[in-house]
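Sequences listed follow chains A and B, in order. Under my numbering, the first residue of the first sequence is numbered -2, with each subsequent residue one higher. Under my numbering, the first residue of the second sequence is numbered 13, with each subsequent residue one higher.
Check the hints yourself; a few may be wrong.
From chain B, some residues computed to sit far from chain A (all C-beta separations above 12 Å) [claimed, not checked]:
1. L45
2. L123
3. A132
4. L139
5. R144
6. I154
7. F188
8. D196
9. I202
10. L211
11. V256
12. V355
13. V364
Distance ranges between label pairs, derived from CB positions [said to hold, decoys possible]:
14. B/T278 / A/K89: 20 to 26 Å
15. B/F361 / A/Q162: 27 to 33 Å
16. A/H0 / B/M36: 51 to 57 Å
17. A/R27 / B/K200: 30 to 36 Å
18. A/G158 / B/I229: 42 to 48 Å
19. A/D55 / B/T278: 38 to 44 Å
20. A/R27 / B/M291: 54 to 60 Å
21. B/Y203 / A/H220: 55 to 61 Å
22. A/A232 / B/A34: 53 to 59 Å
23. A/G28 / B/Y203: 49 to 55 Å
24. B/N283 / A/P222: 34 to 40 Å
25. B/A34 / A/L209: 48 to 54 Å
26. A/R213 / B/N283: 50 to 56 Å
It should be emphasised that the hints constitute simulated quantities derived from the structure, not laboratory data. We put the CB at the ideal spot given by N, CA and C, even for glycine.
Chain by chain, the residues run as shown.
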Amino acid sequence: MEHLAIEVKNLHKSFGTVQAVRGLNLQVQRGEVFGLLGPNGAGKTTSLEMLEGLVQPDSGEIHILGMDWRLHGTEIRNRIGVQFQSTQLDEKIKVREVLEMYSTYYAKTRPVWELLRLLQLDEKADAYQIKLSGGQRQRLALGLALVNDPELIFLDEPTTGLDPQARQSFWDLVRQLKSEGRTILITTHYMDEAEALCDRIGIMDHGQILQLGTPRELIASLHQPSYAELEFAQAAPDAAQFMQQTGLQVDVKPMHWMVAMQDPKHDLQQILTGVEALNLPMQQLHVRRASLEDVFLQRTGRSLRE
Amino acid sequence: MNSRIFFNQFFMGLKLYVRRPAAMFWMMAFPVLMLLGLGTVFSGSGEPGFRLVWSQADGSDEPLLQALKELNVQVEIVRPEDADVRWKNGKLPVLLEKINDRYTLRVNSYLAAQGMPVVAMVQQSFLMVQARANGAVELQRIPLVMESPGGHHDGPYAAFLLPGLLGLNLLMMGVFSICMVDVDLRVKGIYKRLATTPLPRHIYLAAQMLVRLIVVIAAALILMLVGALVFGIYNQGSYLNLFVLILLGTACFASMGYLLASFAGTIEASNGIANLVFMPLMMLSGVYFSLDAAPLWLQKSADVLPLTPLLKSLRAVFNDGADLASQMPSIEIMLTWTVILFVFATRRFKWV
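Only chain A is shown next, with the shape it has when bound in the complex:
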């Protein structure tokens, strides 16, 4: 059996003059949960749609479960599951009906009752899908991706817009799918989601993967284990004098400063001395460990939600 679930070599795709994907390389192991992170417009969706066989690449190679879209389209479709960011269905279709309908499309299927139980939608089986809550609807969308008992599952920002409880129950489902040995490729805006679910993460921007690794590796690569955040009562003051005095780099935000610390023991003392000497109107000081968000900021220069 092919040990790679996804293999992508030098993938390119342009729309008119816009180069959405420029030289994407990616290998996802079987049984792995792989997270693709990137700001809007980074090329995530286009990349995903090429992997799902919806968009033709301009050049490059894609192998899904060892197969080529151009030769084995139907076979690949039979063995993958796809969940879009928002899966819209006919308003007046019932939960059971849509699962049964999708089941007819595939050669191999899981029993609908089993899916309903897995998704905790037993009680909603005969409800119109439009009557479902946001979390239930996302679980149903995931259910549609599971009717064919897929080996590889694509999840595109599956928990965007869900409340914390609904996200937690969605994460539990994803963990269960992983424990069943399925491969999952997930894109997300949420760093905690990526840290909680992903074995490996690729940070994507400008149509390429900028950095690749486990969440732990990515954070370690910053060489800045922690951050100090200085909160001010009013607009954050100019930091030039402070930087000169302390030798620390300050990222000035509207209401606070962010100071990256390589050696917290030494740097914190510097900060407090600087604040004292310049008589800065600081109200609060927070110290936190570096997160994926910081990795992301540093690699792409923008926040994930921008």
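Once you've looked at the hints, dock chain B against the given chain A.
For chain B alone, kept in the frame of chain A given last:
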């Protein structure tokens, strides 16, 4: 395997169609309401024939009244002040006035088409009265017969309307139930979601088409049932011929729907495009009234639009029992449209 998917897709499609109240209203109830409404409004106030309102100030005019009766004109005599009120109401096509032995015929310019036959009858009667007064030999008259163009069935306006509505339903199915639904499915990403499954596209589209065909046939049967029960109008031709015409019309307007949909990027745009095509076709193709009074260039243009020949053939079959061979010129126009629309629609159809 494929036939199982097809039937599953078909029954699911039919179920979903029936669950949409708006679609059911426009396809099933709207034509019936039009038939009941317009068929009743234009059925006249009683027996068929010619009616005249006569305003008389001073006593009756027996010889002219007698002559009008001989021509089967139903005369209603009213006083001048009442006549004035009714004339200003605008509902009278023709008003005959007699003031101080002088006759005047007033024809409502809005209702000239309705009024002119009555005018002719009045003039004829008046000539008869004069001839009799002069002691001339009795004048010969050309008999007048009311009948449908095919000469088979002297149905009321509802008989003209019903085949028109059968055809209109096919157009509505194409521009609303296909064009707007297709854009909706694409914009919402429902097609895209299906494209990630192994469902064969031609199976999906064929099932959708069969759903539409079943719906328009059901709508046609309901309309014909109401026509028979309420207005006593029956299909004079063969049901097979009607079916063939409906099938051809469905193919034509379904292709048109998919083609129009390919030009619309949003649901709003599809609404605009659908109405842009629907309105002129409905008005120009003679669904509700004949275009005989329109300028010739307009009639000639309307004749080559796809709906006009369809309605012509539907009326010929339904009202006059025509066979399809006699309808070949109309069928050829429809076939040409169908081929052109189908070719462009399939070339432009996008799944994702």
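Structure-based check of all given hints:
1. Separation of B/L45 from chain A is adequate, the least Cβ-Cβ distance of about 24 Å exceeding the 12 Å criterion.
2. Against chain A, the non-interface label of B/L123 holds: every CB pair exceeds 12 Å, the least being about 46 Å.
3. The claim that B/A132 lies off the interface holds: its Cβ sits roughly 58 Å from the closest Cβ of chain A, which is beyond the 12 Å cut-off.
4. The Cβ of B/L139 sits about 68 Å from the closest Cβ of chain A, beyond the 12 Å cut-off, so the non-interface label holds.
5. Every Cβ of chain A is farther than 12 Å from the Cβ of B/R144; the closest lies at roughly 74 Å, confirming the non-interface assignment.
6. No beta-carbon of chain A comes within 12 Å of the beta-carbon of B/I154; the shortest separation is about 62 Å.
7. For B/F188, the shortest C-beta to C-beta distance to chain A comes to about 17 Å, beyond the 12 Å cut-off, and the non-interface label holds.
8. The claim that B/D196 lies off the interface is violated: its Cβ sits roughly 9 Å from the closest Cβ of chain A, which falls inside the 12 Å cut-off.
9. The beta carbon of B/I202 sits about 6 Å from the closest Cβ of chain A, which is not more than 12 Å, so the claim that it is off the interface is violated.
10. Listed as a non-interface residue, B/L211 fails to keep its Cβ farther than 12 Å from every Cβ of chain A; the least gap is roughly 4 Å.
11. Every Cβ of chain A is farther than 12 Å from the Cβ of B/V256; the closest lies at roughly 32 Å, confirming the non-interface assignment.
12. In this structure B/V355 is separated from chain A by more than 12 Å, as the shortest Cβ-Cβ distance comes to about 24 Å.
13. Its beta-carbon lying about 5 Å from the closest one in chain A, B/V364 breaks the requirement of being farther than 12 Å from that chain.
14. Our hint of 20 to 26 Å for B/T278 and A/K89 holds, since their Cβ atoms are close to 22 Å apart.
15. For B/F361 and A/Q162, the Cβ-Cβ distance of about 43 Å falls outside the hinted range of 27 to 33 Å, so the restraint is violated.
16. Under the hint 51 to 57 Å, the C-beta atoms of A/H0 and B/M36, about 54 Å apart, fit the expected range.
17. Between A/R27 and B/K200 the beta carbons are some 33 Å apart, a value that agrees with the proposed interval 30 to 36 Å.
18. A hinted range of 42 to 48 Å for the beta carbons of A/G158 and B/I229 is consistent with their spacing of about 43 Å.
19. For A/D55 and B/T278, the hinted distance range of 38 to 44 Å is not satisfied, since their beta carbons lie about 27 Å from each other.
20. Between A/R27 and B/M291 the CB atoms are about 58 Å apart, so this pair conforms to the stated range of 54 to 60 Å.
21. For the hinted restraint 55 to 61 Å between B/Y203 and A/H220, the CB-CB distance of approximately 48 Å leaves it violated.
22. Range check, A/A232 to B/A34: Cβ separation about 54 Å, and the 53 to 59 Å hint holds.
23. In this structure, A/G28 and B/Y203 break the distance hint of 49 to 55 Å, their C-beta atoms being roughly 32 Å apart.
24. At roughly 57 Å, the beta carbons of B/N283 and A/P222 sit outside the given window of 34 to 40 Å.
25. Between B/A34 and A/L209 the CB atoms are about 51 Å apart, so this pair conforms to the stated range of 48 to 54 Å.
26. A/R213 and B/N283 have their C-beta atoms about 53 Å apart, which keeps the hinted 50 to 56 Å range intact.
Of the numbered hints listed earlier, those contradicted by the structure are 8, 9, 10, 13, 15, 19, 21, 23 and 24.
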